[in-house]
Amino acid sequence: MKRITLLLLGILAVVSTVHAQSFRGKINKGNSLYKKEQYDEALNKYKDALLDDPRSEIAHFNEGAALFKIKKYDQAIESQQKVIGSKDLKLEEQARYNIGNAYFKQDKLQESIQAYKMALDIDPNDQDAKYNLELARAKLKEMAQKQQMQQQPQPQQQHQQQNEQDQQGQGENQKDQQQQQQQEQEQKSGENNQQQKQPEDQSLTENKEKMSREDAERILDALKNQEKEKQKLRRAAQPAKRLVEKDW
574 MKRITLLLLG
584 ILAVVSTVHA
594 QSFRGKINKG
604 NSLYKKEQYD
614 EALNKYKDAL
624 LDDPRSEIAH
634 FNEGAALFKI
644 KKYDQAIESQ
654 QKVIGSKDLK
664 LEEQARYNIG
674 NAYFKQDKLQ
684 ESIQAYKMAL
694 DIDPNDQDAK
704 YNLELARAKL
714 KEMAQKQQMQ
724 QQPQPQQQHQ
734 QQNEQDQQGQ
744 GENQKDQQQQ
754 QQQEQEQKSG
764 ENNQQQKQPE
774 DQSLTENKEK
784 MSREDAERIL
794 DALKNQEKEK
804 QKLRRAAQPA
814 KRLVEKDW
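When the sequence shown is numbered by my numbering, its final residue is 821 and no position is left out of the sequence of numbers.
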């Protein structure tokens with residue numbers, strides 16, 4: 574009976590060793606494909622490894638890494654969440670960091686910020702997590718400012734509208750003045766001879782040229798002010814630094 578028991582234990586040990594070698598082989602092959610940026614093929618290897626050991630934290634972690642690379646962010650988060658609660662705190666910290674990255678890619682900034690904070694609770698010295706946390710906060714603030722600007726008239730729009738109204742009013746006043754001057758000159762032209770009429774025509778032309786120059790200067794000033802406002806907005810809208818991606 575003892576011999577039979579020992580034989581069964583020996584067979585189980587061999588099966589277990591073969592199973593472990595198969596599992597490690599699939600993980601290693603997946604990692605090799607991942608480094609070659611063959612993410613779909615790597616994902617398949619990690620899935621095969623999970624068939625051998627459905628509870629493997631390493632397999633779930635690497636599966637999430639490959640899913641992230643092929644932009645399946647929701648599935649990547651799902652795989653990484655299966656690592657949460659691991660006895661390996663370093664692995665859990667990296668999983669939370671990667672969850673933050675996946676949320677960030679989807680512009681789910683509140684969730685991203687929360688994930689980075691949790692990663693930093695485990696490892697306060699993770700510089701990448703610190704950087705991405707600040708980046709997510711800055712982007713969230715920028716998005717809030719853009720939304721607020723869309724809900725109310727922008728300063729340069731108000732300025733442009735006011736300039737247009739002022740220019741329109743000035744144009745109408747100038748037109749009235751020109752018509753009045755023309756009427757006065759026509760009235761005078763009937764009373765004066767041809768010699769008196771010529772200087773008045775020249776004076777009218779000079780006034781027109783003078784008003785045209787003033788109009789041009791006002792328009793140029795308005796355009797300059799408008800361009801300054803646009804430049805301010807362009808500077809404010811410039812993207813922040815890129816998201817740092819840690820090796821998964």
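In short, the hints are calculated from the structure, not lab data.
There's no promise every hint is true.
[As the list claims (entries may be wrong)] Between beta-carbon pairs, the in silico distance windows are:
#1 L713 with S595: 25 to 33 Å
#2 N698 with M722: 54 to 62 Å
#3 S605 with P627: 44 to 52 Å
#4 Q718 with L624: 46 to 54 Å
[Claimed, not checked] No farther apart than 25 Å at their CA atoms in a straight line, the calculated lysine-lysine pairs in the DSS-like style are these:
#5 K620 with K642
#6 K719 with K655
#7 K660 with K712
#8 K712 with K642
#9 K663 with K703
#10 K642 with K663
#11 K608 with K678
#12 K690 with K608
#13 K609 with K660
#14 K642 with K609
#15 K712 with K655
#16 K644 with K712
#17 K678 with K609
#18 K660 with K681
#19 K663 with K719
#20 K655 with K608
#21 K644 with K660
As the structure is a computational prediction, the values presented were derived from the model and not from experiment.
Heads up, the beta-carbon is just placed ideally off N, CA and C, and yes, glycines get one too.
inquiry  = Checking one constraint from the list: CA of K620 to CA of K642, max 25 Å. Satisfied?
reply    = It holds: about 15 Å lies between the C-alpha atoms, which stays within 25 Å.
request  = Given the hint that K712 pairs with K642, test it: the Cα-Cα distance must not exceed 25 Å.
outcome  = Holds, because 22 Å separates the two Cα atoms, which is no more than 25 Å.
message = Just to be careful, I want the Cα atoms of K655 and K608 compared with a cutoff of 25 Å; is the pair within it?
response = holds, 23 Å
ask   = Is the straight-line distance between the alpha-carbon of K678 and that of K609 25 Å or less?
value = holds, 23 Å
key: Range agreement (Cβ of L624 with Cβ of Q718, hint 46 to 54 Å)   = At roughly 49 Å between Cβ atoms, L624 and Q718 fall inside 46 to 54 Å, so the hint holds.
query = Falls inside 54 to 62 Å, the C-beta gap from N698 to M722?
reply = Between N698 and M722, where Cβ atoms are some 38 Å apart, the hint is violated.
ask   = Within 44 to 52 Å or not, the Cβ separation of S605 and P627?
value = violated, 23 Å
message = Check the hint pairing K719 with K655 against an upper bound of 25 Å on the C-alpha distance.
response = violated, 36 Å
ask   = Is K663 within 25 Å of K703, Cα to Cα?
value = holds, 16 Å
message = For K663 and K719, compute the direct alpha-carbon distance and say whether it is at most 25 Å.
response = Judged against 25 Å, a Cα distance of about 38 Å means the pair is violated.
ask   = Hey, K608 versus K678, does the alpha-carbon distance stay inside 25 Å?
value = Cα-Cα ~21 Å, so holds.
ask   = Would the pair K642 and K663 pass a check requiring their Cα atoms to be no farther apart than 25 Å?
value = Answer holds: K642 to K663 is near 21 Å, not above 25 Å.
When held up to the earlier numbered hints, the structure conflicts with 1, 2, 3, 6, 7, 12, 13, 15, 18, 19, 21 and fits the remainder.
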